[in-house]
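Please build the complete structure, drawing on both the sequences and the hints.
Using our numbering, read the sequence shown as starting at 405 and increasing by one per residue.
By construction, these hints were calculated from the structure, which means they are not laboratory data. Glycine residues also receive a C-beta, built at the ideal position from the N, C-alpha and C atoms. Among these hints, one or two may not hold up.
Unchecked claim - Computed list of lysine-lysine pairs in DSSO-like fashion (alpha-carbon distance at most 27 angstroms, straight line):
1. 439 - 475
2. 616 - 567
3. 475 - 567
Claimed, not checked - Each pair of labels, with its calculated beta carbon distance range:
4. 508 - 423: 30 to 40 angstroms
5. 567 - 507: 21 to 31 angstroms
6. 432 - 552: 39 to 49 angstroms
7. 458 - 482: 30 to 40 angstroms
8. 577 - 473: 20 to 30 angstroms
9. 493 - 522: 15 to 25 angstroms
10. 475 - 641: 18 to 28 angstroms
11. 633 - 587: 31 to 41 angstroms
12. 423 - 644: 23 to 33 angstroms
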Amino acid sequence: HLLGANSIPMATVGEDFTPYMNWMEKHHMNTTHMKVIEGSYTGQAFITTDMDDNQITAFHPGAMSNSHENKVSDVSVADIGIVSPDGRDGMIEHAQQFSEAEIPFIFDPGQGMPMFSGEELTTFVEQATYVAVNDYESQMLQDKTGLDLATIASMVDALIVTKGGEGSEIHTGGEVIIISPAKAQATQDPTGCGDAYRAGLLYGLMNDMDWKTTGQLAGLLGAIKIAHLGTQNHQFDLTKIEQLYQQNYGESLF
405 HLLGANSIPM ATVGEDFTPY MNWMEKHHMN TTHMKVIEGS YTGQAFITTD MDDNQITAFH
465 PGAMSNSHEN KVSDVSVADI GIVSPDGRDG MIEHAQQFSE AEIPFIFDPG QGMPMFSGEE
525 LTTFVEQATY VAVNDYESQM LQDKTGLDLA TIASMVDALI VTKGGEGSEI HTGGEVIIIS
585 PAKAQATQDP TGCGDAYRAG LLYGLMNDMD WKTTGQLAGL LGAIKIAHLG TQNHQFDLTK
645 IEQLYQQNYG ESLF
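Right, dumping it as structure tokens:
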């Protein structure tokens with residue numbers, strides 16, 4: 405949204421969602437497909453992080469378990485999508501719906517990966533256009549599917565593996581593009597950095613940027629996020645992004 409893209413979040417939420425819905429509307433976000441489930445609370449995650457970025461997460465899915473009640477076809481026009489951690493049935497159905505509608509999408513299993521068998525994860529990869537995981541998740545994906553990174557990469561247009569402060573790797577077209585990390589002004593809170601990175605991926609793909617540029621933009625957004633406490637307390641505009649991109653990578657973004 406901060407990049408100026410017309411993003412359409414889709415989720416099932418609880419009766420307690422009103423304050424956050426108001427926050428979304430205040431920031432001019434599309435709330436059309438935020439479906440309130442009566443008698444449920446919104447999914448909640450409490451994440452404890454130490455100085456080495458080790459995390460312990462306590463999670464209650466609540467209304468998220470009803471995510472399958474939303475359909476990809478509810479959105480009249482979509483150029484690209486992303487299937488991120490959600491209710492189990494919703495993730496399976498939304499991936500299938502994107503695939504059947506021939507809408508390119510990123511499969512981003514994240515902390516939802518343990519919910520699925522190796523066979524189910526292989527099906528996700530077969531349906532997806534892109535797969536995005538961190539280094540820990542990439543190992544889990546290989547272990548559960550029995551497929552190595554090269555094989556997974558050969559099944560999609562690109563396999564993106566993030567490595568925290570070490571940058572990221574993009575496996576595409578039989579090669580591996582190494583993305584150098586952007587410099588963070590501070591290290592406050594890693595929670596939400598992966599989401600910021602994926603926003604950069606989506607923006608780059610929507611605007612036909614090459615993979616190196618897309619990965620560098622994504623890494624820059626993650627570096628901006630880590631300098632702020634909380635997942636959505638950072639602000640920027642495209643002018644600031646262009647300035648920081650040039651500072652980090654010595655070239656123009658736009």
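Here's how the hints hold up against the structure:
no.: 1; hint: 439 - 475; verdict: 11 angstroms, holds
no.: 2; hint: 616 - 567; verdict: 16 angstroms, holds
no.: 3; hint: 475 - 567; verdict: 32 angstroms, violated
no.: 4; hint: 508 - 423: 30 to 40 angstroms; verdict: 34 angstroms, holds
no.: 5; hint: 567 - 507: 21 to 31 angstroms; verdict: 29 angstroms, holds
no.: 6; hint: 432 - 552: 39 to 49 angstroms; verdict: 44 angstroms, holds
no.: 7; hint: 458 - 482: 30 to 40 angstroms; verdict: 37 angstroms, holds
no.: 8; hint: 577 - 473: 20 to 30 angstroms; verdict: 38 angstroms, violated
no.: 9; hint: 493 - 522: 15 to 25 angstroms; verdict: 19 angstroms, holds
no.: 10; hint: 475 - 641: 18 to 28 angstroms; verdict: 34 angstroms, violated
no.: 11; hint: 633 - 587: 31 to 41 angstroms; verdict: 19 angstroms, violated
no.: 12; hint: 423 - 644: 23 to 33 angstroms; verdict: 28 angstroms, holds
Hints 3, 8, 10 and 11, counting from the list given before, are not met by this structure.
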